[in-house]
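**Q** Sequence:
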Amino acid sequence: MFTGIIEEIGKIDQINKAAASMVLSISARKILKDVHIGDSISINGVCLTVTSFTDSRFQVDVMPETFEATTLRDLTAGSRVNLERAMAAGGRFGGHFVNGHVDGIGTITRLEQVENAVYVDISVPKELSPYFIMKGSVAIDGTSLTVFGLSDDSITVSLIPQTRGDTVLGQKKTGDKVNVECDVMAKYFHRFYEQAQRKERSTSKISYEFLNNHGFAD
Numbered sequence: 001m002f003t004g005i006i007e008e009i010g011k012i013d014q015i016n017k018a019a020a021s022m023v024l025s026i027s028a029r030k031i032l033k034d035v036h037i038g039d040s041i042s043i044n045g046v047c048l049t050v051t052s053f054t055d056s057r058f059q060v061d062v063m064p065e066t067f068e069a070t071t072l073r074d075l076t077a078g079s080r081v082n083l084e085r086a087m088a089a090g091g092r093f094g095g096h097f098v099n100g101h102v103d104g105i106g107t108i109t110r111l112e113q114v115e116n117a118v119y120v121d122i123s124v125p126k127e128l129s130p131y132f133i134m135k136g137s138v139a140i141d142g143t144s145l146t147v148f149g150l151s152d153d154s155i156t157v158s159l160i161p162q163t164r165g166d167t168v169l170g171q172k173k174t175g176d177k178v179n180v181e182c183d184v185m186a187k188y189f190h191r192f193y194e195q196a197q198r199k200e201r202s203t204s205k206i207s208y209e210f211l212n213n214h215g216f217a218d
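Residue numbers (the UniProt record's numbering): 1 to 218.
Keep in mind the hints are simulated off the structure, nothing from the lab. Warning: the hint list may mix true and false statements.
Below, simulated BS3-like cross-link-like pairs (lysine-lysine); rule was C-alpha separation at most 25 angstroms, straight line [claimed, not checked]: (1) K173 with K187; (2) K11 with K30; (3) K126 with K11; (4) K11 with K33; (5) K30 with K172; (6) K172 with K126; (7) K173 with K126; (8) K177 with K135; (9) K135 with K11; (10) K172 with K135; (11) K17 with K177.
Construct the entire structure; sequences and hints are all you get.
**A** Shown next as structure tokens:
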């Protein structure tokens, strides 16, 4: 579990890529102070496991499913990435609950600066639209942000100067791809709502008229 508050921007040092998987070597400083083998680290919003590390870099494996479902496959040596360690028990919680499980890939379609804010329009897969609400939370490349506008296939978020300086989002441009993770609470609520609707539809078919027509009532 993560918070969506990026701790550090890392740099891809080396990529060993196969057909549908790869090993990433990432240089970092802050997050390596208390790292251990097996720790979870969010890399551009993708939860990956530390397999080895030194005092200046660490390695992670990217499995085929993650390779196909996220923007990690587009990384090259020198790419900058958002990094966050898994949330510690008892630690401060400043963003929202982020699992590190990407729901889809979005595309930046517009960037507009208004005063000290930059508004970003992101096209998203239509199947994700039920999970967005105005002023709700979303993780973009692992960064906790607030939804300020939405349609069936796009959302708008706002980047404050702090976010632009402390995350890779400040370097994004129109056409860039980003990892999108919907608010987990919205996903649970939608699931419960769907189940309730199915249950209501199934029970509503059993009426006195139905029973009478099928010989179960006088």
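**Q** Hint by hint, say whether it matches the structure.
**A** How the hints compare with the structure:
As the CA atoms of K173 and K187 are separated by approximately 29 angstroms, the hinted pair breaks the 25 angstroms bound. Taking the CA atoms of K11 and K30, the gap is near 13 angstroms; set against the 25 angstroms cutoff, the hint holds. The straight-line distance between the Cα atoms of K126 and K11 is roughly 32 angstroms, outside the 25 angstroms bound, and the hint therefore fails. Of the supplied pair hints, the one linking K11 and K33 holds, its CA atoms being roughly 17 angstroms apart against a limit of 25 angstroms.
For the proposed pair K30 and K172, the alpha carbon gap of about 23 angstroms is at most 25 angstroms, so the pair holds. Between the alpha carbons of K172 and K126 the distance comes to roughly 22 angstroms, so the proposed pair stays at or under 25 angstroms and holds. A hinted pair counts as satisfied when its Cα atoms are at most 25 angstroms apart, and K173 with K126 qualifies at roughly 22 angstroms. Of the supplied pair hints, the one linking K177 and K135 holds, its CA atoms being roughly 23 angstroms apart against a limit of 25 angstroms.
A threshold of 25 angstroms between alpha carbons decides the hint, and for K135 with K11 the separation of about 32 angstroms lies outside it, so the pair is violated. For the proposed pair K172 and K135, the alpha carbon gap of about 22 angstroms is at most 25 angstroms, so the pair holds. Restraint check for K17 and K177: satisfied, since their Cα atoms lie roughly 20 angstroms apart, inside the 25 angstroms limit.
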